[in-house]
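With chain A's structure known, arrange chain B on it following the hints.
Okay, here's what each chain looks like letter by letter:
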Amino acid sequence: MADKSEDPIVLLIAQTRPELIAYFKRRGLTAFESEDLTQETLMRFLRAGYDPAAPDAGPKIFRNARNHWIDFLRSAARGHTGAPPTNSVIDNELLDDLGDPAPSIDVQMINREDLDIVLAAIKKLPPKCRTAFELSRFEEYSYAEIAKRMRISKSAVEKHISEALKRIAHALEGGN
Amino acid sequence: MEKDQPHTPSTPPRDGAGWVVRLMSGEASPEDHALCARWRLLNAANEEDYQRARRAWAASSGAQVEQSMAGRRSGAFKTVISGLVAAVAIVGAVTVFGVMTSTPKAQTQSYASRSAERVSVALASGDNLILNARAELTVEEGADLTTIRLASGEAFFEVAPDRPRTFVVETEFAKITVTGTAFEVGRFDSFVSVAVQQGSVRVEALDAGLDPILLEPGSRVLVLPDGRLQALGEIAPDIVAAWRTGSIVFLGEPLNVVFERLEKYTGTPINLSPEIDPGLRVSATFADSDVERVLGDLDGALPIALERQSSGEIQVNAD
Numbered sequence: 001m002a003d004k005s006e007d008p009i010v011l012l013i014a015q016t017r018p019e020l021i022a023y024f025k026r027r028g029l030t031a032f033e034s035e036d037l038t039q040e041t042l043m044r045f046l047r048a049g050y051d052p053a054a055p056d057a058g059p060k061i062f063r064n065a066r067n068h069w070i071d072f073l074r075s076a077a078r079g080h081t082g083a084p085p086t087n088s089v090i091d092n093e094l095l096d097d098l099g100d101p102a103p104s105i106d107v108q109m110i111n112r113e114d115l116d117i118v119l120a121a122i123k124k125l126p127p128k129c130r131t132a133f134e135l136s137r138f139e140e141y142s143y144a145e146i147a148k149r150m151r152i153s154k155s156a157v158e159k160h161i162s163e164a165l166k167r168i169a170h171a172l173e174g175g176n
Numbered sequence: 001m002e003k004d005q006p007h008t009p010s011t012p013p014r015d016g017a018g019w020v021v022r023l024m025s026g027e028a029s030p031e032d033h034a035l036c037a038r039w040r041l042l043n044a045a046n047e048e049d050y051q052r053a054r055r056a057w058a059a060s061s062g063a064q065v066e067q068s069m070a071g072r073r074s075g076a077f078k079t080v081i082s083g084l085v086a087a088v089a090i091v092g093a094v095t096v097f098g099v100m101t102s103t104p105k106a107q108t109q110s111y112a113s114r115s116a117e118r119v120s121v122a123l124a125s126g127d128n129l130i131l132n133a134r135a136e137l138t139v140e141e142g143a144d145l146t147t148i149r150l151a152s153g154e155a156f157f158e159v160a161p162d163r164p165r166t167f168v169v170e171t172e173f174a175k176i177t178v179t180g181t182a183f184e185v186g187r188f189d190s191f192v193s194v195a196v197q198q199g200s201v202r203v204e205a206l207d208a209g210l211d212p213i214l215l216e217p218g219s220r221v222l223v224l225p226d227g228r229l230q231a232l233g234e235i236a237p238d239i240v241a242a243w244r245t246g247s248i249v250f251l252g253e254p255l256n257v258v259f260e261r262l263e264k265y266t267g268t269p270i271n272l273s274p275e276i277d278p279g280l281r282v283s284a285t286f287a288d289s290d291v292e293r294v295l296g297d298l299d300g301a302l303p304i305a306l307e308r309q310s311s312g313e314i315q316v317n318a319d
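Heads up: the protein sequence lines correspond to chains A and B, in order. Position 103 (the first sequence) corresponds to 103 in our numbering; numbering is contiguous. Position 184 (the second sequence) corresponds to 184 in our numbering; numbering is contiguous.
If we strip away everything but chain A, and leave its shape as in the complex, we get:
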């Protein structure tokens, strides 16, 4: 394994991630949306097979970010409710064409039915799982704060929240 400090993907992420998050926040996105779009922008770049060590990696990523932002606006304007593509490679040049009437929209909005499913799934969570999840998602406690409050370890907090997420995901897919 490459030394962390020499791993080109780590270096690229370390250099561009804070700027990407700031880029999206400046455009009015929430912290969650900014984090989410940042991750997906970086993934889009890596999935397309670009060299993270190339000199033009940064500009390419920010072009991706801009396209993501445009997708987000279109998604918001259309009230798009679909799921993000799971295995598509996005053609940056195609996305540069703002006239494209149907770009991939890698942004999620939630419909009413999903919201009811999520709320019902949360109610059914095991007590510790539910507490950790609600403190994290609804109260924005850090994992360390939750660990202290629940008197469990941080890794246990992560596991509880992960379990909650899996159950919610299962419910959203029609499971009980």
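Honestly, the hints are just simulated from the structure, not real lab data. Note that beta-carbon positions come from the ideal geometry of N, C-alpha and C, so glycine has one too. Wrong hints could be hidden among the right ones.
[Claimed, not checked] Computed list of lysine to any residue pairs in SDA-like fashion (alpha-carbon distance at most 25 Å, straight line):
(1) A:K166 - A:S155
(2) A:K166 - B:E27
(3) A:K128 - A:S142
(4) A:K123 - B:S25
[What the hints assert, rightly or not] Not close to chain A: a few residues of chain B, all C-beta gaps over 10 Å, as computed:
(5) L23
(6) S25
(7) R55
(8) A59
(9) S110
(10) G126
(11) G142
(12) T177
(13) P237
(14) L251
(15) N256
(16) G267
(17) I270
(18) D277
(19) G300
(20) G312
Just chain B, lined up with the frame of chain A:
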């Protein structure tokens, strides 16, 4: 303390849910992000698992708003909702997100909506308000006075009639006083718009030294920053704040008013060239579900040319 497994925070998660939880912790390192990226790139099943968890995480963001606005927070919750009962309005299939803060001592609540969102708030007093896209306001409830400070965007107000307290909407350069009515106020950069559906409101241009005017149902007026009032043609009261039902209605409105309103939907600045004929007016009804199409239709129907800048801003030039 609960017995911990060998898994520690630095141990890479083994599934999509674990990765989402790790990356959304706010404490993930660039190494964590790189490891996650490699895990997702490993095979389609990993990517699918990650996206499944990501969808669930995003869906629970809506639940966050729903829970907080429904006042379901337990004693452990940090935010106190006092004196107000708030609810989220769902328009079409899109969940409406709102941002709410509170300072119980001041009995003040703040609300904001984002692009393509509408937020409905039912006040404990029985009054209701609805925020259109990208609107921001605060509600201050005193013993005999409710003051709305509209910082940005459009809002529709339904004020209970025959109420003992006064209801006032304030903006930077206009003040609207109500005694029992349904009306809309829009706060934009270069004007404040007021339209009445029921009852009447008194509109006062602040610092203008002019007497307030009384608006009746169907009346519309723009208050300009210098205190001038610009009357717009009357409209049927039932289409005041038609945005509540997903329509964007323009009836003889100047282009700057049209585009300032559309900015709230695009979330992107729209800049008008000074060369555009100031006499151009727009009368049209659009669905708010496709604002790009609205822009395209305006581009095609009017002697204007819309150009998207590299910054994402939209420049409107004379054609």
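Results for each hint:
{"no.": "1", "hint": "A:K166 - A:S155", "result": "holds, 16 Å"}
{"no.": "2", "hint": "A:K166 - B:E27", "result": "holds, 21 Å"}
{"no.": "3", "hint": "A:K128 - A:S142", "result": "holds, 16 Å"}
{"no.": "4", "hint": "A:K123 - B:S25", "result": "holds, 23 Å"}
{"no.": "5", "hint": "L23", "result": "violated, 6 Å"}
{"no.": "6", "hint": "S25", "result": "violated, 5 Å"}
{"no.": "7", "hint": "R55", "result": "violated, 6 Å"}
{"no.": "8", "hint": "A59", "result": "violated, 5 Å"}
{"no.": "9", "hint": "S110", "result": "holds, 15 Å"}
{"no.": "10", "hint": "G126", "result": "holds, 25 Å"}
{"no.": "11", "hint": "G142", "result": "holds, 29 Å"}
{"no.": "12", "hint": "T177", "result": "holds, 32 Å"}
{"no.": "13", "hint": "P237", "result": "holds, 27 Å"}
{"no.": "14", "hint": "L251", "result": "holds, 22 Å"}
{"no.": "15", "hint": "N256", "result": "holds, 21 Å"}
{"no.": "16", "hint": "G267", "result": "violated, 6 Å"}
{"no.": "17", "hint": "I270", "result": "holds, 12 Å"}
{"no.": "18", "hint": "D277", "result": "holds, 26 Å"}
{"no.": "19", "hint": "G300", "result": "holds, 14 Å"}
{"no.": "20", "hint": "G312", "result": "violated, 6 Å"}
Checked against the numbered hints above, the structure breaks hints 5, 6, 7, 8, 16 and 20 and satisfies the rest.
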